[in-house]
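*Asks:* Take a look at the letters that make up each chain.
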Amino acid sequence: MKQRKKVEWSRLDNASKIFPATCNNKDTKVFRLLCELNEPVEAEILQQALNTTIENFPLYKSVLRRGVFWYYFETSDINPVAEIETSTVCAPIYIKDRKNLLFRVFYFNNRINLEIFHALADGTGALRFMQTLVYKYLILRYKDRFPDKIPKLNYDASMSKKMDDSFERYFVGKDNHKPIIKENKKGILFSAYHIRGTRLDEDRVKVIEGSMDVKAVLEEAHKYNTTLTIYITSLFIYSIYKEMPAYRKNRPIVLSVPINLRHFFESETARNFFSTMNVEYNFEKSGPDFKDVIKCVSEEFQKELTAERLNIHLNRLMLLERNPFARVIPLPFKDYSLRIANKIEDRKITAAISNLGRISMPFEFDDYIRQFSILTSARRPQISMCSYGERLVVSFNSPFQETEIQRTFFGFLSKKGIEIEITSNI
Amino acid sequence: MNYCNHCQVHIRGINNICPLCGNILQDAGNDQKEIYPVIPPTYERHLAIRIIIFISIVGIVISFVLNKIFPSNINWPMFVIFGLISMWLSLIVIVKKRHNITKTIMWQVIVVSALSIIWDWRIGWRGWSLDYAIPVLCVAATLVMYITAKVMKLSVRDYIAYFLLDGLFGIIPIIFIYFKLVNVFYPSMITVAVSIIFLSAILIFQGENIKIELDKRMHI
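Quick mapping for you: the protein sequence lines, in order, are chains P and V.
Positions in the first sequence are counted from 1; adding 120 to them yields our numbering.
Positions in the second sequence are counted from 1; adding 31 to them yields our numbering.
So that you can see chain V by itself, here it is in the shape it has in the complex:
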């Protein structure tokens, strides 16, 4: 075992520097084993994110400069900014919730729905967000959730709460119809119908699981 004359302590392991004072130790026939493994530093994992941030900033700057050089009637650099903000919101949700895929899908539906309404409103309300975007999103999410649950062999209790939420979300377009907020009825109607059928199916066949799952998640 090595000995540090400076600190008057024995040093175990294979390092030849005293961990206390940093002095170099004389190697006194070192036949010791490593006690802690040497763990190399991990490499930067967030390089992709950094690259996207960089490109976003470059994009915004260039679009403003181009707009100044070649003026146009539309304030299109604002669209670039809105577009990037939308992309980032969506991306943040995906990255943050990446460990739970059904939750990610649920959050995507909410974020993208909200964004589509904002976009629609900003470019002069044509109603496409309520007419098509939200109904299509709801049905698509149900399908995607169902497929991922089956493909990834998730257990019922992992996804049932999100199925329920998605089903409830899918009923919302009934409000659009009732208050005549939509110009085109069919997509909303189909979504509501699908959601009601879907909800009744999971309540009838998985009611017990839903109850247990809700008890657990909602305990106070």
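Just chain P, same shape as in the assembly:
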């Protein structure tokens, strides 16, 4: 008798649900993690490393499918292939009705790239995959150099922990009636300042990566008694302000900042586990000094980044997902309403910034890895950054041809005496 193949599928987590509905050619909801080595990448070894890595991340073998009411992941038997880079930065991955994996691995000269559809994982989740991949690659590539002691990767969560839906685990979806902290919801008509520009052909993304010494930037941040994230966020706001046309200077600049929930709720998941907050600054109201910006931004960070506040926000989101009425709306209508909601939310945002934080790899690899960086698809200018060892890489992704904000941003740092290496894709 023929054995029936078991069909395995799983639901999307709370944060993932928005991405399949709102992705399009202009905003593919894809991001890329890059690891630049000191020597050219060997394709065959990368493929071997990929073959073993994928076994440790079963959910990454899924394809995304449309049900009647919800999207879902379905396990597939497609094997990922490591290819040389031939597509544009963050090209679309999820295409309706097409069954393909939700990530791709490719290489170019010294760089190993992982591009991933956001519904599958967030930056930290994808980084877990990337770290494992780079680890396996280096072990295979230089196995004769680690004869007696094989370096250990400090990420060894169990299979179920890695594929855990942490939203389900932590947030019950109950409004625990604490009206003391009100979410500063802006009315539907509220609109932030929007950066305008000439779009690049074929909706490409212009990437300008600035690689610099993390200590030098930290020193600058410490001069203002603040952290790296707040410093860079404030500088971003400041650079946008410098290039604002005079007649729009009364509009507030609002940055959307993703929050890694793993810092607040214990989780090892390699899927999505993040929330977002908006940081607002109005130059007309709060003064045009860089110092003022830093002060205001750090206040906003302090206010937003508490477990209690996140709890309330996320429980509300879960409540929305669990709403019996919302659940039985057929998927196409859900898609439309999410797109409209997304458009409304977009009006309230000027740009986005995300910090993946410090990436750690076994110290034995120091001589083999030059730097890590992260890029995102951008429907508006967006900064993403991460650091590895001594190197901080700030990537400026933009759908526009103009580079004034980027120039102000990096110029500000270089004038402080920080050495910056610029890499660009165009």
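Rather than coming from a laboratory, the hints here were simulated on the basis of the structure.
These figures come from a predicted structure and were not determined experimentally.
Yeah, the Cβ is synthetic: ideal placement off N, Cα and C, and Gly gets one too.
Do not take every clue at face value.
To be verified - Below, simulated BS3-like cross-link-like pairs (lysine-lysine); rule was C-alpha separation at most 27 Å, straight line:
hint	chain 1	residue 1	chain 2	residue 2
1	V	LYS184	P	LYS219
2	P	LYS454	V	LYS128
3	V	LYS242	P	LYS216
4	P	LYS181	P	LYS272
5	V	LYS127	P	LYS219
6	P	LYS181	V	LYS242
7	P	LYS272	P	LYS256
8	P	LYS137	V	LYS134
9	P	LYS463	V	LYS128
10	P	LYS216	V	LYS211
11	V	LYS184	P	LYS454
12	P	LYS181	V	LYS128
13	P	LYS343	P	LYS362
Claimed, not checked - Only some residues are given here: those of chain P computed to face chain V with a beta carbon under 8 Å:
hint	residue
14	PHE189
15	TRP190
16	THR195
17	THR208
18	ARG447
19	ILE449
20	GLN521
21	GLU522
22	PHE530
23	GLY531
24	GLU539
25	SER544
Let chain P serve as the given structure and place chain V on it in line with the hints.
*Replies:* Using the frame of chain P, we list chain V on its own:
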């Protein structure tokens, strides 16, 4: 590594223009490697669609002009328009659903059935749409689906839900018979019979798969 005096930054890679300010850099012994590959623009892929749109418009304009010059009793330019609309509806469905072949077939059955009823009604209800078109479409779709599933070696779970839908759709002509909407019974009767046999077969032999597949697709 190149250096831009203007922006005071080092420039990696092989380009000799500063990506920040656009100034040309002095080439200082460039021994660097490309960091990002140069990706040429892709060519226009939708040329065929554009040509068809153009021909459609030309066809409509010419048919109206001809009708004005050589008047006739029948308002035949309207047929040209209806014909084109029908073709476009069908084409849009095919293009939109092209990544899932069984779904495409299912949608074609629905679209073409609806169109045939409209055509029949517009040219003075002779009943051919219910008599022949819909029953034949149902049986044909079942056959085509079965053949594509086998030829393309699709797995059961990929097509079983559409088989089920097509089977259910094929039972609809029983309503035509019951309410005496049809003049010719045989095609409808055969379709209903085939559909019932087909449905019972997939339910008996693939019932488990259908249940799993429905659980998955219909989860709330």
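*Asks:* Determine for every hint whether it applies to the structure shown.
*Replies:* Consistency of the hints with the structure:
no.: 1; hint: V/LYS184 / P/LYS219; verdict: holds (15 Å)
no.: 2; hint: P/LYS454 / V/LYS128; verdict: holds (19 Å)
no.: 3; hint: V/LYS242 / P/LYS216; verdict: holds (24 Å)
no.: 4; hint: P/LYS181 / P/LYS272; verdict: holds (25 Å)
no.: 5; hint: V/LYS127 / P/LYS219; verdict: holds (15 Å)
no.: 6; hint: P/LYS181 / V/LYS242; verdict: holds (23 Å)
no.: 7; hint: P/LYS272 / P/LYS256; verdict: holds (10 Å)
no.: 8; hint: P/LYS137 / V/LYS134; verdict: holds (23 Å)
no.: 9; hint: P/LYS463 / V/LYS128; verdict: holds (26 Å)
no.: 10; hint: P/LYS216 / V/LYS211; verdict: violated (42 Å)
no.: 11; hint: V/LYS184 / P/LYS454; verdict: violated (33 Å)
no.: 12; hint: P/LYS181 / V/LYS128; verdict: holds (23 Å)
no.: 13; hint: P/LYS343 / P/LYS362; verdict: holds (22 Å)
no.: 14; hint: PHE189; verdict: holds (5 Å)
no.: 15; hint: TRP190; verdict: holds (6 Å)
no.: 16; hint: THR195; verdict: violated (11 Å)
no.: 17; hint: THR208; verdict: holds (5 Å)
no.: 18; hint: ARG447; verdict: holds (5 Å)
no.: 19; hint: ILE449; verdict: violated (10 Å)
no.: 20; hint: GLN521; verdict: violated (10 Å)
no.: 21; hint: GLU522; verdict: violated (10 Å)
no.: 22; hint: PHE530; verdict: holds (6 Å)
no.: 23; hint: GLY531; verdict: holds (6 Å)
no.: 24; hint: GLU539; verdict: holds (7 Å)
no.: 25; hint: SER544; verdict: holds (4 Å)
In the structure shown, a violation is registered for the earlier hints numbered 10, 11, 16, 19, 20, 21, in ascending order.
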